[in-house]
Structure formats: structure tokens, C-alpha cells
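**Student:** So the chains spell out like this:
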Amino acid sequence: MNGQLLGVEDLTVTFPARGGRTPVVDGISLTVAPGEVLALVGESGCGKSMTALAILRLIAKPGRIEPGSRIVFEGREVLGLKVTQMRALRGAGIAMIFQEPMASLNPVQTVGNQVIEALRLHERVGRAAARDRAAAIFERVGIPDPRGRLDAYPHQLSGGLKQRVMIAMMLVMRPRLLIADEPTTALDVTVQAQILALLRELQNELDMAVLLITHDFGVVNELADRVAVMYGGRIAEQGTRAEVLGAPRHPYTQGLLRSIPSLAHRGGDLEEIKGTVPSLGSWPAGCRFATRCPKVFEPCDGQVPQTVSLSETHHAACHDVARDQPE
Amino acid sequence: MSWVGNAIVAVLLVAGVFIWMRARRNRLWREAMAALARRRRFALIILGLYVAVGMLDAVSWVGGGGVQGVAASEARSVIDRIFKPSVFREKSYSAPFASAEFVGGAALTFPGRHVLGTDILGDDVLYKTLKGIKVALLIGGLTCLVLIPLALLFGVSAGYFGGRIDDVVFFVMSTLASIPNLLLLIALIMALGKGTLQVCFALGITGWVGLSRLTRAETLKLRELEYVQAARALGVSHPTIVLRHILPNLSHLVIITFALLFTGLVLSETILAYLGIGLDGSWGRMIDQARNELSRDPVIWWTIAAASAALFILVLCVNLIADALRDILDPRTLRERA
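Here the protein sequences line up with chains A and B, keeping their order.
Just so we're aligned: 29 in this note's numbering is position 29 of the first sequence, and the numbers increase by one with no gaps anywhere.
Just so we're aligned: 317 in this note's numbering is position 317 of the second sequence, and the numbers increase by one with no gaps anywhere.
Extracted from the complex, chain A is given alone in its bound form (with noise of 0.2 angstroms):
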């Protein structure tokens, strides 16, 4: 994991059910390089959101994170730190922006107070120092009015200025990696093109790492350097973009892009993914995917597929793929 910013190793995160405990985040690992966009992409319950809120160690009870699981930040263990140095870890070296900007800002405070104290939370400086520094980061994340904006109350702002507060929250401390859980989800599309635009230049200006989560693969070629897609609580292909959108190996990953609509095929049927994912802890015994996999054969039902290696960059956990790939 050297040179790396951000490694996770074999995160199992589990919620008890049922007699037992029901992994929902199984022994996944990816990386982070500084400064990259890393999409983490996958349809709902697939575990994505659990990674995130694990990797900043927020995951609420009863949800667990397992032994044997590694986080490494900067070279340090995460899952190792104490509460304190967890508390000055997040916000300043690991910073999160949620799914849901109406509901992300305290609805009695003012903006700006919010800002002012989460910048305080990390930083001694002055009511004053710190007033001014949230007017110059509404200001670049392009709030009109910065100075007036700072004594607006969250119910008096549009969707869209509230998700740009929430990034200007979040980024006054200059973290180096934000997670970014579907940020644009709950925006209406002309916000959302303009949201992206905003972190894609906020993400080239200081340098930070984004882990990206989502289900939209319009965002995706928008943002990514590399992506992760997850099904099951696992990493079905990793690679980097024109790998994973381009030539997609595994047929989870082919069928979610054969399933988005395009002008080019107008008119005909529109493809999709047969069957339903299977509830939380009735996956079956082998490959996840199985049940509703076009290319289903003997070993996929009983056996774990290992991760196959398609070149430097691009990796799939397929039987189908490693049976195709010379040893």
C-alpha cells in the first residue's frame, strides 16, 4: 500500500440477523492514490454506503467492523486510533458529503455559524478569522452574496445552494480525501451537472482524493479515474475507466451498462438484469452474482470466484473471466 492514500484490506463490516451475523461488506480492498477519483459503483444494498461510513469508522451499532479488517490513512491504521485522534482525523484528513443536502444542514443554526465551527473544530482561529474564511470558501464554491449568505438559515436556501454549503463544510479543512456519498442524487439535473463540474475543479485545485459513491454511470465518465463496481457486498471488477466503462469483463458490470438507455438504440427494448438481488444473507454459497448471471456455469453456484488480473489496472472476480484468461 506504499504511495498510497487511502488502502482498505479484506473490510468486513456485519449487522447481526437471524442467529448469527449477516456480512454486508465482505472482505473488500481497494485503493486511493492521491488526488484520484475512485467510483465506487453498484445498486442499492450493495454495501457501498457501509464501506464509506466504515472507512470513517461510523458505522452505528449494531453494524461491525470485523477483525482481520485493515484501513490504512497516510500510513496510519485507522482501526487502530483512539477516539480522539479519530475525532481530528475526520473533517481534517477524511471528510464526507451526503446523499441528502436538505437534511445535512442543523436546521436552527445558521450556515455560516456551521461553517465558521466546523472549521473551528480543528483550527484555532478567531470568530472573525474564521467568518472570513467561510466567506471566501461560499464564495468559491460559488454561493452569490458569501458575506450575506453566512446569517441565512438552511430552510432559506434551493437545494443546490445547500449541497454547495455542505461542500464548503466540508472542504474549509482541506481534507485529502473527501467521500462523496451520491452527492448529485437528490438534485434536479442542470444542479446536478452543475455540482459536478464544481468538485471536479475543487478536486483539481487542492489535490484531493474522491471516493465517489454511486449508481450513476453518467456521473461515473464524468468524475472517475478509476472504478470499483460492487454486488453483494463485494468487488465484482476494478480497473480504471475506459477499462471498466469500455471493455467490461465481468457480466454484472456488462449488464449494467447494456441496461442504461442511449439515443443511439432508440426505439428498441431496453435491456435488463434478470431477477432481483437476493435478500441480505440468502446469497449463494459461491459467486453472488449467480442467480441472475446470462453466463452461469458448473463452479459459479459452490465456489468463491478469485480475483482474476486482466492487466496492471484491471482486476474481476469472474469464474467465466478466469476460465477465458491463460494461467
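These aren't lab readings, by the way, just hints derived from the structure by calculation.
Please note: incorrect hints may appear among the correct ones.
[Claimed, not checked] Over 10 angstroms on every C-beta distance to chain B, these chain A residues come out as not near it, computed from the model: (1) Thr14; (2) Leu89; (3) Asp188; (4) Glu205; (5) Glu243; (6) Gly275; (7) Leu310.
[To be verified] Ranges of calculated distance between the beta carbons of each label pair, as one might list FRET restraints: (8) A/Ser282 - B/Asp323: 49 to 55 angstroms; (9) B/Thr196 - A/Pro67: 56 to 62 angstroms; (10) B/Phe18 - A/Pro67: 51 to 57 angstroms; (11) A/Glu66 - B/Phe18: 51 to 57 angstroms; (12) A/Val125 - B/Ala37: 37 to 43 angstroms; (13) A/Ser282 - B/Leu192: 55 to 61 angstroms; (14) B/Val172 - A/Pro67: 32 to 38 angstroms; (15) B/Ala37 - A/Pro107: 21 to 27 angstroms; (16) A/Gly281 - B/Val172: 57 to 63 angstroms; (17) A/Arg174 - B/Val51: 50 to 56 angstroms; (18) A/Ala60 - B/Asp323: 35 to 41 angstroms.
[As the list claims (entries may be wrong)] Partner residues are not named here, just some residues of chain A that face chain B (Cβ under 8 angstroms, in silico): (19) Ala33; (20) Leu56; (21) Ser104.
The C-beta atom is built at its ideal place from N, Cα and C for all residues, glycine as well.
Based on these hints, arrange chain B on the given structure of chain A.
**Tutor:** Positioned in the frame of chain A, the structure of chain B alone reads:
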């Protein structure tokens, strides 16, 4: 003991001015106050009069010239000094504005001076009614001072931390809720004594469960909200989250519960007085003592009428204000006005 009352009034005045200044600087509070003043002007004025009389009755000092029937070392409040109860007294009952005693018809010492008549001991009923204001405000205010922090402490810690703490708090709440309130109240007062402090404490102990349940439920909801999650993702500590994100978002519940509790407590004192464990000088005590007078012929109605009316008007005003306050502080109606 006169300094306690003076100190309380001073603290209340300072706190009132402070809150007023703070609220004036915040546009939303200013709007809420203006809306309240617009919608409940009359109720606010009357409540203000009650509070003013209560405060005048709490401010007291020693001296000020020899008054007949009073020890020179006794501290007397402003109300005492205005009414001079030891001077202007009769021998027995007299009707409002009467010039002769109700029974027997002997001439009064101070004819026409007793606006609400006099009671069996010849004391002025208006004076006693006004004295009752302080007791009523004390019961409501002091009990809430015990009750609200207790309810918040238990409710918020149970809701926020959950787990074992929640189990313990919920067990205590369920236990308290399953004991008949009045029984527990009487038992506590018997054990603690009948002083003002003790009665308020007992009322506080028996009354916190409702608010605690409310705040626990609301905290459970708030804890999962994204701004609390976001605060945690920013590295905010638990105490700070509770102080800055949970408690302020419970304030509407607390304000409204306070207003409703207040009237409930003033009324429940009447019931305690009926059972013989009320506070001295309270309206409950006046009503209790005047009960038998209703069965006399001709009826002696003014004592019970004065105390009941004073109680009724106070409770009505507070309820009207609380009702308007709930509408005004509700974020949904707030948005409609904006």
C-alpha cells in the same frame, strides 16, 4: 428569608432582559415574538400583570415605619405595604363593597374599602387573591425548573446513546408511569414535608416522565438525521453534538411542554389542597377553605369566586399563549408565513 425572593426577582429580571436582547437580534425570534404579540395581545397583557404582581409580592424589605400589628423586624413585600392587611381588617365576613358585616349587620371599620369582601377572619379577599399569584407562579415555575432538566437529561441520554442506558431509563420511566401519580405525589410529600420546595420537588419527580418520553423519541429521530451524521463525519464530539444539534432542535418541544405543564401544575395544586397537602396562601387552599361557605344560606360566594376566577384566568391565558406559540414555532406553519 426576604433576600431569597429579592434575589429570584433580580435574576428573573436580568434573565428576562438578556433573553429579550438576544431574541431581538435574531430575525426569526423577532418575527415569532411579533406574531405572538399580534395574535395574543390580550392574554399577554394579563399574564404580564400576573407576573408583575407576583414579582411585587416577592420583593420585600424590613422597616418603612411602624405599622400597627406588625413586628418591626418583619420583612414586608410591596403588596403587603399597599394593602396593609394588619390595619385594614374587619371582624368577620363582609360582602364586596359592603358597609356592614354580612352576619349580624354590625358596621365595618373600613366600609366600602374591601373590593372583594372579607373572609371569616375579616381578611381582605382581594389581598389574599393577589398573594396567591406568587404561590401559583412559584409552583409552576419552580417545578418546571426541576422537571425539565430532569426530563431532558434522561430523555436525551436514553435516545442518543441507546443500549444499556436506554434500557435503564425506560425501565425507570415505565415504573414511574405505572404508579398512580396522585398516590406517589402524596407519598413523596408525606416523606419530604409540606414546604414549597418539597411540594415542587415532588411534583417534578412525578411529572417528568411525559416530557422525557417525548424528548427520547425526538432524539432517536434526530440522532439518525444526516446533519448529526455529518457532524460526526466532521469529528464533532458527542457532548458537542448533543448541545449544538440535539438540544436546540428539541427547544420547540420544551417550550410548548413548559407552557402546558405550567397550567397543569397550577391546577394540580388545587387538588393537593383539597387533600389537605396544598401550599399556604395558595388559591387551592382558599378554595378548600371556602368550600363549606357555599352551603351556608345566604351563600358566601366571594372567596371561592375570587380564587377560582384568578386561577381560571391565569390558566386560560397561559393555554391561549401556548396554543399560539405552538402554531408559531411549528416549522411547517413558519414556512407558510415566510
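**Student:** Could you check the structure against the hints above and give me the numbers of any it violates, in ascending order?
**Tutor:** 2, 16 and 19
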